[in-house]
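Using the sequences and the hints, build the whole thing.
Below, each chain spelled out in residue letters.
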Amino acid sequence: MLREKYRDEIEQILHRYPVRRSAMLPLLYLAQREEGYVSEAAMKEIASILKVTPPQVYETVTFYTMLNLKPVGKFHIQVCKSLMCALVGSDALLKWLHARLGIKPGETTPDRLFTLSTVECLAACGTGPMMQVNDDYYEKLTEEKVDRILADLKRDGTSTLKSGPFILPEPAKRDA
Amino acid sequence: MPKYELILTKNMSQPGYTGSLADYERAGGYQALRKVLGKVAPGDVTEIVKKSGLRGRGGAGFPTGVKWGFLPKDYRGPKYLCCNADESEPGTFKDRQLIERDPHQLLEGIAIAAYAIGAETAYIYIRGEFVLGAKILEQALAEARRAGYLGRNILGTGVNVDIWVHRGAGAYICGEETALLESLEGKRGLPRVKPPFPATHGLYGKPTVVNNVETLANLPHIVNRGADWFAALGSPPKSTGTRIFCVSGHVKRPGNYEVPMGITFRELIFEHAGGMRSEKPLKAIIPGGASAAFFTAEHLDVKLDFESVAQAGSMLGSGGVTVMEEGTGMVWAALRLMEFFHHESCGKCSPCREGSSWLVQTLRRILAKRGRMQDLETLTDLCQNIAGRTVCAFGDAEIAPILSTLKYWRHEYEELIREAEEQARGAGHEAMGAVLLSPLASRH
Numbered sequence: 001m002l003r004e005k006y007r008d009e010i011e012q013i014l015h016r017y018p019v020r021r022s023a024m025l026p027l028l029y030l031a032q033r034e035e036g037y038v039s040e041a042a043m044k045e046i047a048s049i050l051k052v053t054p055p056q057v058y059e060t061v062t063f064y065t066m067l068n069l070k071p072v073g074k075f076h077i078q079v080c081k082s083l084m085c086a087l088v089g090s091d092a093l094l095k096w097l098h099a100r101l102g103i104k105p106g107e108t109t110p111d112r113l114f115t116l117s118t119v120e121c122l123a124a125c126g127t128g129p130m131m132q133v134n135d136d137y138y139e140k141l142t143e144e145k146v147d148r149i150l151a152d153l154k155r156d157g158t159s160t161l162k163s164g165p166f167i168l169p170e171p172a173k174r175d176a
Numbered sequence: 001m002p003k004y005e006l007i008l009t010k011n012m013s014q015p016g017y018t019g020s021l022a023d024y025e026r027a028g029g030y031q032a033l034r035k036v037l038g039k040v041a042p043g044d045v046t047e048i049v050k051k052s053g054l055r056g057r058g059g060a061g062f063p064t065g066v067k068w069g070f071l072p073k074d075y076r077g078p079k080y081l082c083c084n085a086d087e088s089e090p091g092t093f094k095d096r097q098l099i100e101r102d103p104h105q106l107l108e109g110i111a112i113a114a115y116a117i118g119a120e121t122a123y124i125y126i127r128g129e130f131v132l133g134a135k136i137l138e139q140a141l142a143e144a145r146r147a148g149y150l151g152r153n154i155l156g157t158g159v160n161v162d163i164w165v166h167r168g169a170g171a172y173i174c175g176e177e178t179a180l181l182e183s184l185e186g187k188r189g190l191p192r193v194k195p196p197f198p199a200t201h202g203l204y205g206k207p208t209v210v211n212n213v214e215t216l217a218n219l220p221h222i223v224n225r226g227a228d229w230f231a232a233l234g235s236p237p238k239s240t241g242t243r244i245f246c247v248s249g250h251v252k253r254p255g256n257y258e259v260p261m262g263i264t265f266r267e268l269i270f271e272h273a274g275g276m277r278s279e280k281p282l283k284a285i286i287p288g289g290a291s292a293a294f295f296t297a298e299h300l301d302v303k304l305d306f307e308s309v310a311q312a313g314s315m316l317g318s319g320g321v322t323v324m325e326e327g328t329g330m331v332w333a334a335l336r337l338m339e340f341f342h343h344e345s346c347g348k349c350s351p352c353r354e355g356s357s358w359l360v361q362t363l364r365r366i367l368a369k370r371g372r373m374q375d376l377e378t379l380t381d382l383c384q385n386i387a388g389r390t391v392c393a394f395g396d397a398e399i400a401p402i403l404s405t406l407k408y409w410r411h412e413y414e415e416l417i418r419e420a421e422e423q424a425r426g427a428g429h430e431a432m433g434a435v436l437l438s439p440l441a442s443r444h
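Chain order of the listed sequences is A and B.
At the far end of the first sequence sits residue 176, using my numbering, and the numbering has no gaps.
At the far end of the second sequence sits residue 444, using my numbering, and the numbering has no gaps.
These are calculated hints, taken from the structure and not from any lab test.
Hints may be right or wrong, so weigh each one.
Stretch by stretch, here's where chain A covers chain B in the computed footprint (C-beta under 8 Å, at least three residues) [stated by the list, open to error]:
id	stretch
1	92–98
2	124–132
3	186–193
Backbone N, C-alpha and C fix where the C-beta goes; we use that ideal spot for every residue, glycine too.
Structural data, given as structure tokens:
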């Protein structure tokens, strides 16, 4: 139960808003962090914390693409397919991932390690093609880079190729 | 060296600048907040911003000081400031850099704005995918609170302002200010009917201002260097200041370029962004994010300011400039953007919800060489029946790519359709019937 496990964190979240319902998205994130998706039990519990009905939680969950209603793999790979990324090769990136993982967008590998999704614009248009894996951005992707990232994720659970604080162009290059 | 004086991106362009409080203070940070709190009346801060001519950098370009001035003066209850960091407009990636590289600049701007409008609570509504940005903001907030720049009785002036980070969860429409407020209230992000406007009925029904990240980041500089300094920058009198243009697509050096408003597309693309990535000539430009009508190579000498771009038939919008080279299919480009809009339509208004679906299906059919000449009429007709018939500006945004590509590259649509018709003629009458009755492509 979220309420028992995260009592302090929930209190801190509620403290930020004068109206309880505003804590909806933060609490849904908490539930998703705990289970990897938002379960029916979590929705009921959040409804009770926020003093709203379970359908009010459900209608919110279904509106937002980042909230999962069913479990996803350990690594959720989301490839941007919007025009700006498509201009610089996101379709080829998707094909490469399909070849490497053997799954199409919307599918999860049988070992439940990777789920592949296509998404619309992730605000990394200058650094496409790009993908988000769980909380991290990976940008300016090439086939070789993707292979290294997948290997890193399998081995270490993370990859040093993930993006840090963003700046483009890099200051050194700008002065060149 | 940069050709123009950098303002918003100056600190982050210095080698070794980390964006920490210590770095920001060394660069003169929080001096503007010290200058106004308890020393300049809130109304006078609003007047400074009005005089500077600062216009919103999120898309609509509304004068910031004027927006603040709409708040009821004698209202005694709580007021709110919301920083719109839901950067989701395809082609735009400036707010991410402002947040991740110089978070205190934004926090100082928010504190100044909150003081000016009399808000004690501000929320930064950041798009859910910016997990790193949200973490960096949380760290910066903790630093600023510890140093007494935020919280109760800031710097001993009796002023209270606190800021909270609120992550969205993946919905483009939440960048629309009333949808943002709905989302912040814990609901689906559906835009509200206006009026009433957020200035009187905003977050929790209270007077509220919603400003973009880049808009707010300008405030410390306007306070420090004066309204007249800012008003003289760029392309006065209506497009003052600098603007961060996000250049993407087929250029050698994509990126965020801070330049005074009023330079031309040619200068931005060929001097700053290094020109085309290959030998192919420039074919098309999206001048202000996916919601802006396309330009052609003929528009390269249009100036990048609000009026010039509007006069040329598009909008400066969010500052996202996407460049396409010769060989890019314009029907395909329009479809890619249309798929975005269809996916992101919140569904509240039928013309947008249903219209976006029909537009996608029609474009897909044309591109799959199953189109008919009357499809072009249907596309135009659909667009005209979406425009102006929706609660928010999303409807107007989604038709811009289609109408503008039809305007400048109609022959590409016609060529695809002619090929379809020739194929059908070759295959005989029955096949044509099959084309007409074929099931429409399903949602992606």
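**Report entry** Non-conforming hints, listed in increasing numerical order
**Finding:** The structure breaks none of the hints.
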